[in-house]
Amino acid sequence: MRWTSMTLASACGRRIGAGLLASLILAGPAFAELSLEVTHLIGLSLGTDLSSIPKSVRDDGYELSDGAGVSFEDWYRDRIPNLQIDFITELTPDFGILWGIGSGEYGDKYQIDPSLRLGFLYTRTIGDNGVLSMRLTTRIGGRLRERSCVADYGDIGGVQAVNCRLAATPLEPSESLNYLWNEKPGDRLAASIGLTFHF
Amino acid sequence: MTFRKIAALVAIITAWAGTGHSQELSFGTLSTTQVQSWMSSDIGTAWSLGFRGKGATITVIDDFNSQNYLVGTLSGGWTSGTHGTMTYLQSALVAPDAAFRIRDFRDTRSVALAKGFNVINLSYGMFADTGYDVSNIRWGAREGSVINHARAGNALVVKAAGNDSVAVGAATIFGDQDYLASALIGTRSAIFVGALNRNGTAEAPASMAWYSNTAGQDVRVQNQFLTVGVDSSAMNLAGTSFAAPIISGYGAILHSKFRSATPTQIANRLLSTARTDTIMNYDPSVYGRGEASLSWSLAPATIN
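So the sequence lines, in the order shown, correspond to chains Y and A. So the first sequence is numbered by numbering that gives the first Met the number 0: it starts at 0 and just counts up by one. So the second sequence is numbered by numbering that gives the first Met the number 0: it starts at 0 and just counts up by one.
Hints are computed from structural coordinates only; laboratory data are not their basis. Mixed in with the good hints, there may be bad ones.
To be verified - Pair by pair, the computed Cβ-Cβ distance ranges are:
id : chain 1 : residue 1 : chain 2 : residue 2 : range
1  : Y       : L82       : A       : A203      : 25 to 31 angstroms
2  : A       : F173      : Y       : S147      : 38 to 44 angstroms
3  : Y       : E174      : A       : A201      : 46 to 52 angstroms
4  : Y       : E174      : A       : N280      : 36 to 42 angstroms
5  : Y       : S147      : A       : E202      : 45 to 51 angstroms
6  : Y       : N181      : A       : V218      : 47 to 53 angstroms
7  : A       : R108      : Y       : S147      : 23 to 29 angstroms
8  : A       : S74       : Y       : G185      : 53 to 59 angstroms
9  : A       : S74       : Y       : R76       : 56 to 62 angstroms
Source: prediction; values computed, not measured. Even for Gly, the Cβ is constructed at its ideal location relative to N, Cα and C.
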C-alpha cells in the first residue's frame, strides 16, 4: 500500500461518519480474508488544532485594582503539550484502519482532553499511473475546556468565580463564566478523497 | 486670546451663575460610541466589550436655556450649546447607554431619583459671601434633595471642584464661597472632581490645570476628591465642569458590572482605585485620591 498525500475536506454529520466507520469495520464477507499484517507509524506531532486558542491569549493580560500586572502567560502556557501519535494497520493491500491517540494538553487554566482517532483508508489503482484514495476519520474526545478563576472585588463585589481572561472587563463576573472556552476539536469528522497520477 | 478661549473663559465664569429657568426633560440613550481624543483609553476598552453605562440614570443639573453658548469639539466636529448641553453631551459620550435626565436651573424642585442606579452631575456651584455656617443654610428643594441623596448614599453625586484655584470649600479671591461644595463634604456618596491638564500616564504624568480647585488640607475632602484629564486642546473647553461628567459616566459604566453595588460603594470604588503614578508630584492636598482610573476600578484586587 502506498501512502499518498491528500487534502482534508469538510465532512457531514459525526453520526453518519461513525456509522459508516462501524459498518466498514464490521462488514463480513467482503473482509473474510483479512490479513492483519503490519501496523505502521504514520504521524507524530505536538499540539492540536485547538492549541492555537490558548496560545493566542498568552501575550495578553491586565492590571489589578492596585495596578499589579496579571499576565496570561502562566495561565495559558501548555505545561504538558498534546502528543498525537497515529498508526495505520493494513487489513488488505487496499484497505487499512487508521487509529491514533492524543495525550491531551494541560495548562494552568485550561485543558484539551485526551482523544482517540479512528478511521480508515481505502486506495484503488486507476490505470497504470493513478491512485484513488479515500480517507475517513473521526476523533473521540479532545475537547478544550477552560477553568475559571476566583477574584476578589472587595467591598463592591466580594469574592466571585470569574472568567480569568475577562475579570477586569465591565462584564459581570457571573456573566463572564458564559465565555469560558468549551470547544470541540475541528477534526471530529474528517473525510477526504485524493487522486494522484505519477508521470 | 482666541474666540474659542474667550468662549471657554465665559463658560468657566457662567458655570457659577446659578441662574436659569425650569425645564426637566428625559432623554434616551445616545448612539454615538466613538472614542474621542479627550477621553482616556480605558473608555474605549469598556465600550469594545459593549459596556456603556446601561441601567444607570444620569441627571444633569445645569443651564439648558440661557443665551450663553459654548463652542467645543467634544464629538469630533464643532458643537455649540449651552453649558448644560455640553456637560450632558460629554457624559453621554462617556456612557452612551445610560439614561439621562436634564434639569435646567430654573427648575428648583426636588430631584427625584429614577428606579435603579442614579448619578447626579453638578457642574455648578452655589456661591455666597464667605463666613456662613453651612449647617445653618436653609437649602432650596433642589439642592436640599441633592445633598440629602449624598448624605444617605442614594445616588452618586458628582460635583465639579470649582475653578478658583482654591481648596474645595475655601473662600475665593472674590470673598465668596461655594456652599454647595461645603455641604457635600463628608457625605457618603459625593465625589469632588478636579481637572488635570490632560490624561496622565505613568510614562507622562499630568499636572493640575491652573484654574482647578484642589482638595486642600481637609482630610474629608481629600478622601472624596478625584481628578481627571480635561484636555482643552482636544475639546476646546476648559473647567472642572468638564471633569465631573467624565466621572459621572465612569460611575454608570462601573454600575453595569457591579449591578448590586450601592452608590456609596461605587463612589468608594472610584476613589480607592485612583492612580497616583499618573500625576506629577502627587500630593493629596492637591489631587485628593489621585486620577480616576476606570480600568483599575473594574479590575479585581486579587485573582487566582
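How the hints compare with the structure:
| no. | hint | in the structure |
| --- | --- | --- |
| 1 | Y/L82 / A/A203: 25 to 31 angstroms | violated (48 angstroms) |
| 2 | A/F173 / Y/S147: 38 to 44 angstroms | violated (58 angstroms) |
| 3 | Y/E174 / A/A201: 46 to 52 angstroms | violated (31 angstroms) |
| 4 | Y/E174 / A/N280: 36 to 42 angstroms | holds (41 angstroms) |
| 5 | Y/S147 / A/E202: 45 to 51 angstroms | violated (34 angstroms) |
| 6 | Y/N181 / A/V218: 47 to 53 angstroms | holds (50 angstroms) |
| 7 | A/R108 / Y/S147: 23 to 29 angstroms | violated (48 angstroms) |
| 8 | A/S74 / Y/G185: 53 to 59 angstroms | violated (44 angstroms) |
| 9 | A/S74 / Y/R76: 56 to 62 angstroms | violated (43 angstroms) |
Violated hints, in rising order: 1, 2, 3, 5, 7, 8, 9; the structure is consistent with all others.
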